[in-house]
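Participant: Residue-level listing of the chains:
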Amino acid sequence: MSDEEHHFESKADAGASKTYPQQAGAIRKNGYIVIKNRPCKVVEVSTSKTGKHGHAKCHFVGIDIFNNKKLEDIVPSSHNCDVPHVNRTDYQLIDISEDGFVSLLTETGGTKDDLRLPTDETLLAQIKDGFAEGKDLVVTVMSAMGEEQISTLKDIGPKN
Amino acid sequence: MPQVTRAGLFEDEVKVCTAALRLILQILNWEFRCNSNGKKGVNVFSSGIRHDTSLSSRTECILVQPGPGWRDILISSGDIVWLLNLYTALRRKFSHEGFSIDCLIAVSARKLILQYCSLTGTIFPSDNGQLQEHHLLQLLSGIIPWIDPPDLVSKQIECGTSESEMLDGCRALLAMATVTSPTMFNQLLKSIRPFGTFTLLSTLMCEVIKVLMTKDPDEETWSWEARDILLDTWTALLMPLGSAAGIVLLPPEGVDAAATLFTYIVESELKAASASAFNDDSDSDYIYTSISAMDERLSSYALIGRAAIDFAIPLLTRHCTERFSRLHQGGGSFDPTETLEELYSLLLITGHVLADEGEGETPLVPIAIQRRFADFVEPDNNPVVILCSSIIRFAEQSLNPESRSSFFSPRLMEAIIWFLARWSQTYLMSPEESQDSSYSSKVDNMHQVQSIGSGRTVLRYFSEYDHGKTVLDIIVQVAITTFMSYPGEKFLQGLTCYQLLHALVRQKNICIHLVTLESWSKLAIAFANEKTLFMLSASHQKSLAQTLVLSASGFRDSEPANQYVRNLMGHMTTYLVEISSRNDLKRVAEQPDIILSVSCLLERLRGAASATEPRMQKSIYEMGFSILNSTLILLAVYKHESAVIYLLLKFVVEWVDGQITYLEAQETTVVIDYCMRLLQLYSSHNIGKISLSLSSSLLNDAKTEKYKDLRALLQLLSSLCSKDLVDFSSDSLEAHGTSISQVVFYGLHIVTPLISLELLKYPKLCRDYFSLLSHMLEVYPEMVGQLNKEAFSHILETLEFGLHHQDSEVVNMCLRALRALASYHYKETVSGKMGLGSHASSLRNPKGELQEGIFSRFLRTTLQLLLFEDYSPDLVGAAADALFPLILCEQGLYQKLGNELIERQANQTFKSRLTNALQSLTSSNQLSCTLDRMNYQRFRKNLTNFLIEVRGFLRIV
Chain A
1 MSDEEHHFES
11 KADAGASKTY
21 PQQAGAIRKN
31 GYIVIKNRPC
41 KVVEVSTSKT
51 GKHGHAKCHF
61 VGIDIFNNKK
71 LEDIVPSSHN
81 CDVPHVNRTD
91 YQLIDISEDG
101 FVSLLTETGG
111 TKDDLRLPTD
121 ETLLAQIKDG
131 FAEGKDLVVT
141 VMSAMGEEQI
151 STLKDIGPKN
Chain B
1 MPQVTRAGLF
11 EDEVKVCTAA
21 LRLILQILNW
31 EFRCNSNGKK
41 GVNVFSSGIR
51 HDTSLSSRTE
61 CILVQPGPGW
71 RDILISSGDI
81 VWLLNLYTAL
91 RRKFSHEGFS
101 IDCLIAVSAR
111 KLILQYCSLT
121 GTIFPSDNGQ
131 LQEHHLLQLL
141 SGIIPWIDPP
151 DLVSKQIECG
161 TSESEMLDGC
171 RALLAMATVT
181 SPTMFNQLLK
191 SIRPFGTFTL
201 LSTLMCEVIK
211 VLMTKDPDEE
221 TWSWEARDIL
231 LDTWTALLMP
241 LGSAAGIVLL
251 PPEGVDAAAT
261 LFTYIVESEL
271 KAASASAFND
281 DSDSDYIYTS
291 ISAMDERLSS
301 YALIGRAAID
311 FAIPLLTRHC
321 TERFSRLHQG
331 GGSFDPTETL
341 EELYSLLLIT
351 GHVLADEGEG
361 ETPLVPIAIQ
371 RRFADFVEPD
381 NNPVVILCSS
391 IIRFAEQSLN
401 PESRSSFFSP
411 RLMEAIIWFL
421 ARWSQTYLMS
431 PEESQDSSYS
441 SKVDNMHQVQ
451 SIGSGRTVLR
461 YFSEYDHGKT
471 VLDIIVQVAI
481 TTFMSYPGEK
491 FLQGLTCYQL
501 LHALVRQKNI
511 CIHLVTLESW
521 SKLAIAFANE
531 KTLFMLSASH
541 QKSLAQTLVL
551 SASGFRDSEP
561 ANQYVRNLMG
571 HMTTYLVEIS
581 SRNDLKRVAE
591 QPDIILSVSC
601 LLERLRGAAS
611 ATEPRMQKSI
621 YEMGFSILNS
631 TLILLAVYKH
641 ESAVIYLLLK
651 FVVEWVDGQI
661 TYLEAQETTV
671 VIDYCMRLLQ
681 LYSSHNIGKI
691 SLSLSSSLLN
701 DAKTEKYKDL
711 RALLQLLSSL
721 CSKDLVDFSS
731 DSLEAHGTSI
741 SQVVFYGLHI
751 VTPLISLELL
761 KYPKLCRDYF
771 SLLSHMLEVY
781 PEMVGQLNKE
791 AFSHILETLE
801 FGLHHQDSEV
811 VNMCLRALRA
821 LASYHYKETV
831 SGKMGLGSHA
841 SSLRNPKGEL
851 QEGIFSRFLR
861 TTLQLLLFED
871 YSPDLVGAAA
881 DALFPLILCE
891 QGLYQKLGNE
901 LIERQANQTF
911 KSRLTNALQS
921 LTSSNQLSCT
931 LDRMNYQRFR
941 KNLTNFLIEV
951 RGFLRIV
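Sequence order for the protein chains is A and B. Quick note on my numbering: the first sequence kicks off at 1 and runs consecutively. Quick note on my numbering: the second sequence kicks off at 1 and runs consecutively.
Read the hints as simulated data drawn from the structure, not as lab findings. Here a beta-carbon is modelled for each residue, glycine too, at the ideal position from N, C-alpha and C. Where hints are given, some of them may not hold.
Derived DEER-like restraints, expressed as beta-carbon distance ranges [to be verified]: (1) A/Asn80 x B/Ser403: 23 to 33 Å; (2) B/Ile687 x A/His59: 46 to 56 Å; (3) A/Leu124 x B/Asp807: 29 to 39 Å; (4) B/Glu797 x A/Leu124: 29 to 39 Å.
Result set (DSBU-like, lysine-lysine): computed pairs, CA atoms no more than 30 Å apart in a straight line [stated by the list, open to error]: (5) B/Lys689 x A/Lys70; (6) B/Lys155 x A/Lys128; (7) A/Lys29 x A/Lys57; (8) B/Lys155 x A/Lys69; (9) B/Lys618 x B/Lys531; (10) A/Lys135 x B/Lys761; (11) A/Lys112 x B/Lys689; (12) B/Lys111 x B/Lys155; (13) B/Lys941 x B/Lys911; (14) B/Lys586 x B/Lys708.
Using the sequences and the hints, build the whole thing.
Facilitator: See the structure below:
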């Protein structure tokens, strides 16, 4: 994780903020939120009150977008929460190296070689098989708070 | 039969006796079919389940209505006396020997007595109810020891006696209340006690509530059940089933009893409220849940309150003002929580007593309020006006920041908003009053004032000619306050959006005044500019946009209405265009703050688009038109942000759906071109995309999002379709060279590859897809001939898939599409034209294999389905309609298939049966070769006979 963070900082938009404040009440299901310093996708929001005549508070259940762990948080709904800046970039897959790294073609024509293949077997298989079959694959790399990971895969083969 | 029970009660005969009691009970549970003349003794009964739907919501009280033939057996025979004596004897025995009153024979006896209480209808002669009264009196005197005196009974139960007898006593009261009029009900007890039945009912219920108050509210106790039964009894008395809105006159004693009870109810609710004020059991506290859970109870309370309306209204006023002033006196020196909770309950009760729920219609002033207070013509003395005004004045105080922070808690505001919403639907600027006023101003005004009742006084007081406008202004300001000063209180704001404001703009006469109010334009300006309102939950913003646009129908002319919409939405379109044309859009687009703004803007635009009405159509068209390009840019930028994409698609769907029928040809072309670009863009981003995620819940989410997107796209195509059916424009589209059908087919061609078999498992998507497809094939079969090969084979495969779908509705739609295609082709070829041309004929593909034409293929499939597969019998009709033209198109193949079928039969008998059946399928009933209604019907008949004849052995052998 730490060396990935290092690479992230060398990127062009390193100066951009990693998180943004947003009112807890405005965060919806399917949005993003930072819980315990981890970027999460919100899968459940419920509201309750602090005492009958108190103010509303939001209860969030989020799933860490990188390691899929479930996290929970409670925030008064008029307070601000941190929302991660989740960035997704498309790259064409040009190579898979022996040591488990992928080589990606950037928009400017350079290559990006610092990204590991996903660890999960099935996902790995989908990328490897697709690549072995000679399909033109575009991968979307999701990055947030200094971490990045391949999140979707698209076959732009013969059809288009 | 009842004679069986005449056997005495000896220990060893208990079983026999119980069985006999249960037998009678079962007989009385028959569904008696009353024939009106009732001459013959025994009525027939129909077996099966009883359908007392109107009663099902109440505690089970089933009316027993045997005909007059049963009179001798059931009533005159004296069995009831025997039964009551039996039970009294049992009771005595129990009290001596310590038996339980829950033993089988006692329970059966009580059940039977209850059943006797429910006797009604023609079994009683038309003697002014004398026999019935006598009958009920007899029963009541037997039952009365179960429930009277109430305090003693409840004390015994609390000490350990079983409650079942008392509950049955309550049920007996409910049964009697259901079969009698209030007057007769009250009279019953008078002959054995110094007071009437109403008084007993009221004391009994007070007692029950007293016990209930001491219990934990979550625990289901006997007092809980008893209260519900007794509330149902009141409801049965005050709202008899037969009379829908008729007014029920209670005897004076009934009114007094209701007043006593209502006082007690209000007091105990208040006590319960202040006791629970510090409870922190979060979830159940929301007004939605608490109201829906309490609604039935509160409406029963309201009925009781209305029965003693002269008394209830001043009582509520007293309670309210007392608490209002307590809050003011307190200043900040004491904790107001208990008072707030009491007010919360009071507002709910008052709302129920004063007004009925609208449910989409404009509710009338409750009859009790309309009729009473007739002598209070002067509005300042009218109790209803006093009560309403004092609550509205209280609500107005929430505008003051100081008192807001000291005692207007979010929860109290919820109750206030709920009350205002409910109240304003009935009382505020009632259209009835406006019409009458304009009328009466011409006629003799003085005379009118004399004759109006209280309802009128109240309506007039809150009409547009009197205090209506001031009150409306206060309501709008309170609504603004909930948006501006209660940040993050979603529930409160939701109530304001969905209940209060929606209710207001639904009424035209209110809209007329809304748009002239300064507070309303303040809301509109705040909506367009204030940052706080961008913090509202996005769906609330949508609703608010819709509400604000809808209010434009209050303008008399379309020009100011359009100008109003332009002013309102102009900022948002400009802002959206600005964002989408930023140079660094790609970089900043994924920043959470930009995503939030874009989502909110799209939701607002969608809200506005959904409010399209002829008067504002023009400005809403312009609104959408100005951002068409921006939406395409955003669609590209946010291709990974499915939440934004969905909002965007929904906006487009809503906008096109609202606009399409009004558009002129020129505009339609623009919209259609735009839609096609949108579809292509969406498709290019999503085709072949696989989401990778370790978490199955996130993966499911992704699938659901995709499903929602596609459904939106199909809806978009469907609304384009509607242009061909409903069109208000002045010139025809064809003149401009655009054909809707072509466009929609092309759209389908783009969308179809995105719809995977996996996605068709979502039933709504599946139905939407097939209904659009079959609609297209039915209405424009000629288009199919012009499709290219790829598109055509997509359609074919889809139909093939649909024919084997488990949802019979989908199969039905596919069959309809087939029928349309085949009959089109047949009619065309008969008249010497091409029909579907190359698609219909068999072809050799490049590999040299023979590919069947479409109709041969579907003839096989349909026959296969009909003869050998499982399907719902409802489909036979539709299948016949499809099969008939298919056979006509491919007669050669049909003969061949028929012969194959016959030859496959080894059994000679079956063989000949099949031959004959096939023969008569196409020849009996004078079936001929033209596709008209008569022939379709004949063929349906033939096919049914054919299937009856052969399907059985074909499937087995």
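Participant: None of the hints should be skipped; say for each whether it holds.
Facilitator: Hints, verified against the model:
no., hint, result
1, A/Asn80 x B/Ser403: 23 to 33 Å, "holds (28 Å)"
2, B/Ile687 x A/His59: 46 to 56 Å, "violated (38 Å)"
3, A/Leu124 x B/Asp807: 29 to 39 Å, "holds (37 Å)"
4, B/Glu797 x A/Leu124: 29 to 39 Å, "holds (32 Å)"
5, B/Lys689 x A/Lys70, "holds (26 Å)"
6, B/Lys155 x A/Lys128, "violated (79 Å)"
7, A/Lys29 x A/Lys57, "holds (15 Å)"
8, B/Lys155 x A/Lys69, "violated (56 Å)"
9, B/Lys618 x B/Lys531, "holds (28 Å)"
10, A/Lys135 x B/Lys761, "holds (28 Å)"
11, A/Lys112 x B/Lys689, "holds (22 Å)"
12, B/Lys111 x B/Lys155, "holds (24 Å)"
13, B/Lys941 x B/Lys911, "holds (22 Å)"
14, B/Lys586 x B/Lys708, "holds (25 Å)"
Checked against the numbered hints given earlier, the structure breaks hints 2, 6 and 8 and satisfies all the rest.
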